[in-house]
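Chains as they are written, first to last, in the UniProt record's numbering: chain F, 1 to 761; chain G, 1 to 275.
Please keep in mind that the hints were generated in silico from the structure rather than gathered at the bench.
The model shown is predicted, which means the values in this text are computed figures rather than measured ones.
In this text, a Cβ means the ideal position worked out from N, Cα and C, and glycines have one as well.
Incorrect hints may appear among the rest.
Stated by the list, open to error - Reference listing, derived: stretches of chain G covered by chain F, where coverage requires no fewer than 3 residues with Cβ under 8 Å from a Cβ of chain F:
#1 98-112
#2 153-167
What the hints assert, rightly or not - Quick list of the computed label-pair ranges, beta carbon to beta carbon:
#3 G:257 - F:33: 52 to 58 Å
#4 G:11 - F:43: 46 to 52 Å
#5 F:628 - G:140: 38 to 44 Å
#6 F:645 - G:59: 42 to 48 Å
#7 F:620 - G:138: 51 to 57 Å
#8 F:593 - G:59: 58 to 64 Å
#9 F:98 - G:220: 35 to 41 Å
#10 F:229 - G:47: 47 to 53 Å
#11 F:620 - G:47: 23 to 29 Å
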Amino acid sequence: MLAYVYVVVEENVTRSGWTIAPEIDLAWWLDDTFRKATVHAAGQERASMGQPSAGRFVLMWDEPLPLDEAIEAAASLVQGNDRLKSEEIAGKLAASVQAKKLKQTDSERNGRGLGKLIGTARGAAVPMVFGNPSVQRLGTGQAVAWYGEASREAESCLLDGRHKGKSIDWRKYAPAQSYEQAVRLVNRACMIAVKLQGRGLLEGEAAAMLGEPDLATVLEALQLAALLGQLRLDRAVAPAPQPTGRWFSPTGRRGKARALRCERCGSGEPQLLRTACAACGRAACAYCEACLTMGRTRQCGLLILGMPQQLPVATHGAVATSASMAATLAPWKLSPAQAAAAEAALRFIAGERPQTRPPAWARLLPLRRSPAPRGTASVVPAQGRSSTTDAAPRWLRLPSLPPSERSDHRQPLRTSPTPPLRFLLWAVTGAGKTEMIFPLIAAALASGGRALIATPRRDVVLELDPRIRRAFPNETVVTLYGGSEQRWESGGITISTTHQLLRFREAFELVVIDEIDAFPYHNDEMLSFAAERVCKQGGVTVLLSATPPAQLRSEAKRGQLPYVQVPVRFHRHPLPVPRLLNCMPVKQLIQRRKAPLHLIRALRESIDRGAQLFVFVQQIKHVDPLVEQLRRAFPRITVEGTSSKDEARTEKVRRFRSCEIRLLVTTTILERGVTVPRSDVFILDADGRLFDDASLIQMAGRAGRSKDDPAGRVYFCSPSRNQAQQSAVRQIKAMNRLAGKRGYLMERTDRSTRFRRQGGH
Amino acid sequence: MPSWNAMRLMLGQAISATAAWLASSAAACIVCGRAHGSHGGGQRAITGLCSSCTNAIPWITRIRCAICGRPEACPDCMRRDVTFFTASRSAVRYDETIREWLAQYKYRGNERLAPLLGRFLCSAYDRLIRELRQTYGDIRFEAVIPVPVSAERRMERGFNQAEQLSASVAVHAGLPLVHGLVRVRHSGKQSYKSRIDRIQDTKTLFAGEASVLEQFLRYRLSCTSSSIPLRLLLVDDIYTTGSTVNACAEAVTTALRRIEPSLSLELYVLTLARS
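Same shape as in the complex, but just chain F (with noise of 0.2 Å):
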């Protein structure tokens, strides 16, 4: 895409700037009828007007730049107070527009690199390109162009080269022509910035969006949104921000092009590929490779960011005392772990937060100073964080807060982002994640504001979708996972994969991020970089998980990020500790086509008990065989295979569900996320290097989740115990532990006998 660069020049005051649709930001500065008109039809009489243009005029490089160039030419020049001549002023425009213009050769800008490309490969001194699309489409111009009442003073800069603009109609909004087709066009334009409300969008997508077969026809309603303040437009693909401080100089790295970032995705160089660009006109210009699925961010594309949503005024303060909160909770039926998880949560939501901790070197610092005294207030913000977001979110202030604080100041669009509050939910498998946020939800909701769940997974997506329909019946509930139809709705909650929050900037108060720890998400530092920006200023993020990544675990050891434990599941029975099976690996299994006796015993057991067996493998290629040898081991019951090339996998996860299938192989596809009432579990290579603690947490968790059958069994068979075993066996003890601790568990001697023998420890 193409945009201009301007200055608008008055008495005493210069400012630069760049635009999309030239003659709406001529009409702007230049034509008060349209203005007052147009400030007038937004409602925003009160936002200040501006001078009247008397003595204003505009200087304009008159051929359209690539957009990432002309942002970084408006912003290299002057803006203040600084009192210069017109003619100054112009000729810092051409020398701004072409240090940009310098910087690339001839056959780059123009022959595309082609010419070259050719002639050098086969050595030819003949012309080898004839033609070229590009050329023809940009612009011959050369010089300043200037609009605006004629000045004696401006018309003397005119002379040399620089000419009186004519080439953009800057009348074609005059509204003593056509009143009403400016106020149209205004009324557009707040209709797409209110539409685009916490989004963050490309041209394609928001086109998409608005429902306009290209985006041709909304650059107008776009830039004049832009100058009303109601969305701010930018580059796709910007410069990265360089690290600061006494050890880096950015000189240092003269010379070089500055590294640039996707700006949606936070991809840096190593995702980005330079191809020659039709929409520039360059040889080199850079699109992510990162988010490629989603949509292509270029070098020169436009990045469309809506304000976020303002909510309104709060009147009523959220639940402190314990009566309130206990009311607050009542309906949703939660366990006590459930109420006291949930209970902790909304407290920190609602401002409470517990004391953080500065990591030990910081402490150590004689030179550091020191935070706010300790003990003074219980609001301290973790470490590393901007103190900006240490008030309470607006949608849940704690009444005890004076009504001065209340009243509400307009918030500004991160500019550079603070990472919003986290609060991590670590709660064991089973545990009932998904009612525990339900209050969570409410509570957003009741002040007015949005939430969104996120899960790296579209299966689990398409299973809450219901589960929150009938929570919320009257809320709008938008579902959004790759080629979903409500793509470009939006309502109070949204349900989302965590690839679709790249469409989202500071659009929700509460974010709920499921499964932190699973596939795609995790170690996915573009999706990190989506999670942090869809959370409002203020707002809050909630990561759930039943096993926080190492790095989680540290931080919230440290107190450095606050959290809540629910340690044992919603129907109050331990978790089923693994028993280890001491059994050959899978491999030699299918080569001898037999299993051993005591692997053949403890299935038979499950069984005859009635469970639906899960048996996890490492490998997509063992799940057929073995399926084969267990159909021969037990022919009266239905053994299947599937995985994640399996195309029928839900098909066969329904009919796992409903018993129609009773032994299930699979790998590591379905460690979480399926809930089957009666299940037992066993992990064969247990000892593989493909499965962590995590993953054998997770599968472990499969067991048991019933209030009908809580001592589900769960082996890891493999010939050797290794640390990840030992590890998953002490962190389910360890929960197991607390949660008797906590006195979250029932009475002994309502659980079964079995249980003792299984869980004692």
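Let chain F serve as the given structure and place chain G on it in line with the hints.
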């Protein structure tokens, strides 16, 4: 005092840079993204592709229709009134695999596929030349002309796939690339239309770019004798009914004849996929 934040950042960057460097040594298939070793390959091995993707390429090896190079019997060529090109050849059949790859390339904008698809086209070019030389002896083409897309589409997509493909052929064959055609109208996507609609629609869709063609003819005059017929190669991504390339061939013929009425001209067509 050292700045701890800076040090932490630098350490993080160093680690991720090292990780990226290590990761790049294990090749990922440019189509399916799965890691693959340096497979044995054989004659058909294609760099950048894993072996299962390599095996999925539906090469056209046997030709049934001498005009359009289709591997089956071809009613379209019989139905056409006037054919402005001599023959057309395609590299692969337009099956599910190629449909997916082309969609990734054209609509998703995965330009990493451009060199790969370009290589397909080059092998089709080699086969076409071999075929022609068997019949006519030593003949050669003089230029490659890409089928244009509309300016709107070009802006939206950021590239013209036919242009990128023809650039590969031009480099491979050492031929000049001539942007001798323009698309006059912005028509909807071809894939949404029926055969009749397409033929009606494409009739007036293209025009020769007189100035460029003239410039090319002048250059040609300086190095080739005009007695040899001018053989040009039109390049496009997909050949469905042939109406697009036929309209292009017609536009080029008309434009060239207008410049030089006595010119003897032979147009050939090369496309990536034959549906």
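inquiry  = Verify the CB-CB distance for residue 620 of chain F and residue 138 of chain G against the hinted window 51 to 57 Å.
reply    = Check passed, 54 Å falls within 51 to 57 Å.
query = Does the Cβ pair residue 11 of chain G, residue 43 of chain F satisfy 46 to 52 Å?
reply = holds, 51 Å
key: Proximity test - 8 Å, beta-carbon atoms, the segment 98-112 of chain G to chain F, at least three hits   = holds (count 5)
task = Can you let me know if the beta-carbon spacing of residue 229 of chain F and residue 47 of chain G is within 47 to 53 Å?
result = holds, 52 Å
ask   = Does the Cβ pair residue 257 of chain G, residue 33 of chain F satisfy 52 to 58 Å?
value = holds, 56 Å
Range hint compliance [Cβ, residue 98 of chain F to residue 220 of chain G, 35 to 41 Å] = This hint holds: roughly 38 Å between Cβ atoms.
query = In this structure, is the beta-carbon distance linking residue 628 of chain F and residue 140 of chain G contained in 38 to 44 Å?
reply = This hint is violated: roughly 60 Å between Cβ atoms.
Supplied distance hint 58 to 64 Å, evaluated on CB atoms of residue 593 of chain F and residue 59 of chain G = Because 40 Å falls outside the window, the suggested range is violated.
query = Are there three or more residues in the segment 153-167 of chain G whose C-beta lies closer than 8 Å to some C-beta of chain F?
reply = holds (count 9)
Range agreement (Cβ of residue 47 of chain G with Cβ of residue 620 of chain F, hint 23 to 29 Å) = Holds, at about 27 Å.
CB-CB spacing for residue 59 of chain G and residue 645 of chain F relative to the 42 to 48 Å hint = violated, 26 Å
Hints 5, 6 and 8 from the list above are not met by this structure, while the remaining hints are.
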